[in-house]
Amino acid sequence: MNELYASYVRKGMLPTLFCPGCGNGIVLNAAIGAIDRLGIRKDTACVSGIGCSSWIPCYLDMDVVHGIHGRALPIAQGLKLAAPERHVLVFTGDGDCLAIGGNHLIHAANRNIDLTVLMVNNYIYGMTGGQKSPATPKNMVTKTSPYGTTDISVDGCRLAIVMGASYVARWTTAHPLELEKSIARGIRHKGFSFIEILAQCPVQVGREVFGTKDAGEIMSSYKERARSGEIEIGVFKDLSDIPEYTERAPRSEEEAR
Amino acid sequence: MSGIPKEKDRAEPLVLQGNEACAIGALRAGCRFFAGYPITPSTEVIEYLAKKMPLVGGVFIQMEDEIGSACAIIGARWGGCRAMTATSGPGFSLMQEAIGFAAVTETPIVIVDVQRGGPSTGQPTMSAQQDVYQARYGSHGDYEIIALAPSSVQEMYDFTIRAFGLSERYRTPVIILSDEIVGHMRENVSVTQHTDEGDPPDRGDIGFCSPIADFFTGRNSLVEGQLHNASGERIGHLPNESGRFIAALNDKIRVHADEIADVEAHYMEDANIAFIAYGSVARSAMTAVQLARGVYNAKKRQGFSVSGIFRKGLSFALHDDYRKLKVGLIKVNTLWPFPENALRKLTRHTRLVVVPEMNVGRYVREIERVLPGVQVLSYPKCGGEIHTPQELLDQALSAIGAEGMMEDLSSDE
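Protein chains in written order, with the numbering used here: chain A, 7 to 263; chain B, 544 to 956.
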């Protein structure tokens, strides 16, 4: 086992529940790399919702809240406001964040509150067996869209940008180094950081979305489509001069007056 | 019974509104985080704390909805801050999933429900006691809850302080089940100059998990909503462990029901008829009992300003039969866990119990269940108006007639 990884995970909980080829492992490693590179392990807590990607932080031997579906953001905001000098890292998914958690996303982004949100987008509700999510591409056949989805896919990054997030980026699991650097940047950034990660779900989604159940082929497809521009990746927004929420809210009698 | 500030520590009385007193009690109990959403008739709590929280170095945030509010206070408590939210029926419904999450993760939080008429939008500005069972069983799954029912502005203050102590001691969400009448009435309150939480938490014999390990204290806590072991690792797929978890989670509070119970007995020494009441209705019941016993003091008026509702009840001529009633009042301050031992003990010489409630008759069902030897009469009143003392005495009289207890009226001590 990789030494860095071993020093961060709860060994008693291994093996992880991720399927063979799941992209979540790459996200877990990138997060570990970012936290370690910044040296902030003791000052960082993680919050997640419900879904496959919400299991990522549970394997970290750190303070973690594995919360309820769609509610990672309000839990994380309460935690952050109670301990504003600490770092809070949020793990969520396309369903958890854009469907049931959508309202909390728009308001947290609007507050520009200092959180780092990692939304792992595998285009599906994987944990429950393959139902459509707001991110599922149009015409995709899933367990709840047997005749093909009719909805237009929701772009979480665009939503975050419009609502006021001050650091917004998108990567794929085929870009692990950029992802790790971006996570570190997002944590250092004082404001609402939203990082979307396109990840492969070979078991539930592979054949439908990518035409293959092979994780390696899916990642190659990500890499190729990112290079050609079909998938937009990179840092979309990085503004440091937008006032952050905890800096704006008064925390003492003097400040209030 | 722990958690009530001592008499000697009280300062000169102020006149406060119920909701204000609740907010002040929270601050006195060390609450430094409030997340909420406006809803009538609880809005004064959020507005008071919006102003005061920053002044004491605490955090106030109006969240986008009640679900966000309930979740934020859970996150805040793990961040080391005592936290509270306030709402009414519809918002309370929204919070139920989060309450279950707090119950299973054993997160101490306080939730104030200033009840109003339901269901749904119901009667936004009228009082009711319709959330009694929602407080107990609102979330899915098997868990216990602690719910306190203040009936005065003083109790809004005292019970809120007690709620924080109980939530920390038993590591559980605690509901303050107030109502619009109590939330909006104005009365004298004696506030303490300092926090008094009663006995310090003694977790030696409580529960099956270690004391709450706040984040950033090096404990690496895994807070998990699935059934879990002491390390936070899930065990939901293991039937025996899961069964034990549920039993322990419920026993944690159930076994300590007597310690948590707060039930007052008034004029019960020789009473063969009793009102069992809670919340604002208990005030009316107290007046009724004092009138029947001939001890009602019009000037002292139970120490509160008399509203029009009570004035109506006071102006009726006291029928002779009323004065013959040997009626007492059992005032229940802790609705949940259900104080069955206290109720059994207090009613061992009681033949008839009348349970007035501003709902269709809810708490009465628990009372019936545990007092099989007593005639239990439900006296529901919906619509938003509280039972008047006259109505209560009329009900007691007609119940006596119906139960064939007329001879009780003329019997001497």
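Simulated from the structure, these hints should not be mistaken for laboratory data. It cannot be assumed that every hint is accurate.
Simulated coverage check for chain B against chain A, where a stretch passes if three residues somewhere in it have a Cβ under 8 Å from a Cβ of chain A [stated by the list, open to error]:
hint, region
1, 674-681
2, 780-794
3, 871-880
4, 889-903
Not everything, but these chain B residues come out facing chain A in the computed CB check (under 7 Å) [as the list claims (entries may be wrong)]:
hint, residue
5, 576
6, 607
7, 614
8, 773
9, 946
10, 948
Glycine residues also receive a C-beta, built at the ideal position from the N, C-alpha and C atoms.
- Message: So, as I understand it, the hint says residue 946 of chain B touches chain A; can you test that by seeing if any CB pair is closer than 7 Å?
- Response: 49 Å, violated
- With a cut-off of 8 Å between beta carbons, are at least three residues of the region 889-903 of chain B near chain A? Our answer is that it is violated, as 0 residues pass the Cβ test (under 8 Å) against chain A, missing three.
- Hint check: 7 Å Cβ-Cβ cutoff, residue 773 of chain B to chain A: 12 Å, violated
- Item | Three-residue Cβ test at 8 Å for the coverage of the region 674-681 of chain B by chain A | It is violated, with 0 qualifying residues against the three required.
- Coverage criterion applied to the region 780-794 of chain B (partner chain A; beta-carbon cut 8 Å; 3 residues): violated (count 0)
- Against chain A, is residue 614 of chain B within 7 Å by beta-carbon distance? 4 Å, holds
- Message: Given residue 576 of chain B as an interface hint, is its Cβ closer than 7 Å to any Cβ of chain A?
- Response: 6 Å, holds
- Message: Interface hint check: residue 607 of chain B, Cβ to nearest Cβ on chain A, cutoff 7 Å. Holds or violated?
- Response: This hint holds: residue 607 of chain B lies near chain A, its Cβ roughly 4 Å from the closest one there, short of 7 Å.
- Message: Holds or violated: the hint that residue 948 of chain B contacts chain A, with Cβ atoms closer than 7 Å.
- Response: 52 Å, violated
- Message: Closer than 8 Å Cβ to Cβ for three or more residues is the test here. Does the region 871-880 of chain B pass it with chain A?
- Response: violated (count 0)
The earlier numbered hints that this structure contradicts are 1, 2, 3, 4, 8, 9, 10.
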